[in-house]
Amino acid sequence: MKTRAPLVAAARALAVAVVLLWSLGPIAMIVFAAFTPERDIFASGRSLLAWRPTFEHFIGLWTRWGDFFTALRNSLVITVGATLFAVAVSTLAGYGYSRWRSVFLARSAFALIALRLLPPIVTTLPLFPIVNALGLNDTHAVLIILYAAFFVSLGTMVMRTFIDQIPRELDEAAHVDGAGPWQVLRRVILPLSAQGMVAVAIFVIVYAWNEFLFAFIFTTRKAKTMSLVMSEMIGSLDGVEWGVLFAATTVQLLPVLVFVVLCQRQLIEGLTAGATKG
Amino acid sequence: MSNALSLARTDAPGLLSPASRAALPFVAPALLLMGLVILVPALYVLWLSFHSSTFGVSPTFVGWDNYAKILQDPYFWRSLVNTAVIVLVVVHAELLLGLAMATLFAGGLPGRKVLIACVLAPYAVSEVGAIVMWRTLFDPDTGPVMRALAALGLPPLEWAVTPSHGLVMVALLSVWLHLPFTFVILYAARLAIPIDVYEAALIDGASPWQTFRRVTLPLLAPAILVAMLFRYIFAFRLFSEVWLLTGGGPARSTEVVAVYLYLEAFRYNNFGAATATGWLMVLSSLVLAGFYLRRLYRGMFAGLER
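Protein chains in written order, with my numbering: chain C, 1 to 278; chain G, 1 to 306.
Hints listed in this document are in silico derivations from the structure and should not be mistaken for laboratory results. Wrong hints could be hidden among the right ones.
[As the list claims (entries may be wrong)] Covered stretches of chain C (chain G as the covering partner; in silico rule of three or more C-beta atoms under 8 Å from a C-beta of chain G):
hint: 1; segment: 111 to 117
hint: 2; segment: 261 to 268
[Unchecked claim] Here's a subset of chain G near chain C, in silico, CB distances under 10 Å, partners left out:
hint: 3; residue: 33
hint: 4; residue: 107
hint: 5; residue: 120
Note that beta-carbon positions come from the ideal geometry of N, C-alpha and C, so glycine has one too.
Just chain C, with the same shape it has in the complex (with noise of 0.2 Å):
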């Protein structure tokens, strides 16, 4: 590299400081106004010096919107079954798609990708009255059901990935020993794909977590999600309490947030195996 002049250097400076300042500053306002005493958090700029951090938003959020907790541990609840579910037979199909080849293959494995990009909300015009009917509305379930079946599809393309990187030879091997398929996948691919895994589900995760549409039609009490909850505060009718519903949206946020950083390499694989293969 050529020694740069500085004023190319600080251009950089400058246009990094204003994609930290655009990624960033909504949440860290978000974050910073939740322990912020209600007095201050729309007054301007000064104030900054004497902030003194409060938990009185989330004890404000406990005492008066118990709900939200309720909601927490449902969207917990959801977010564990859906990412198990959708782990485990994405792990599944990507040992099928990587290890056997066929035309019958081929065509089901592009039908997986064509059908993830058909839009959620048309399938929840059928959904609505059979959820209704087996009275699976308002329960863990339904959503569980949902959100794996949305992520299969890319979970299943990133763990064929994964899976095609797992030498053929291992499995030649433990199949001279005399394992069958089921105990190849078991004992040679299972320990080496824990990577993908990981990756898969990071994305279920954070969309398990996070979700509203799905949760907002088939969801009305005992299920709701946090995101939901948080809908029904942002349009309360006494006027939004802004500093609780801060807390609210720093609760929800935090722990995604935390992960998605811890796994920001098996993020980003994931996001390229998913969208450059299927």
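Dock chain G against chain C, hints included.
Chain G in isolation, oriented as in the chain C frame:
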């Protein structure tokens, strides 16, 4: 595979090849799940769109009536135009920003890992959370951005009152939420370009701009196309941002297609119109996906069919 052709030939209708049969137990759960939750409902919507029905009443065949009805509905057209404008603006803004950021980051920055983590942060934010953030930023009385606009002598963004301003807010919010995806795709593709290509350009005396135009851009074209198609398809289903920000109002002026569908189905009890809208959404998604799927199809069947 050496025996791929022979396997393909035995794949007659109703009879699966040995390879297909061996793989079936593994792929069946995925196929069943997606078939039951997505394919069957989608086909059922197609059937319903040619029938008149409400919840609980047995449907009667009405031909193209439902389609005729929505095509004559000015609210449908309004929602379609709104969606098209938002999708075009959002996706292309994301591509430009994503490309600029990928180029910036690929140039080598100190603490790149931390910076990328920061850029990915909005990916972790829910739609509802993003609404809370952007509403606060653009609050008419107290929002920091509104204050900044006023300080600069610029007019405020009256997103709650003026329909076009509401759509601007939706677009801003969507770009913010989905830029991490576009960025990651473009950045990964940019990193995959071998360094010698740039060394060669440097030796030839190319300016940074020429290098970008003649080297980076053409080599990134496939990734740009993939990112663009994916974002077209996903932006087209836009629902929550609009629903939570404006609810489609004032006076149904900021509806997008998904919001129109929801309101027709669940509020105005107009199930026929909703199913016709739904199937039009499926069709447009498939048309958009067509380019992407065709390329993929060729790749998948390479060596399998004669």
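Now the hints, each set against the structure:
no.	hint	result
1	111 to 117	holds (count 7)
2	261 to 268	holds (count 4)
3	33	5 Å, holds
4	107	7 Å, holds
5	120	6 Å, holds
The structure is consistent with each of the numbered hints, conforming to all of them.
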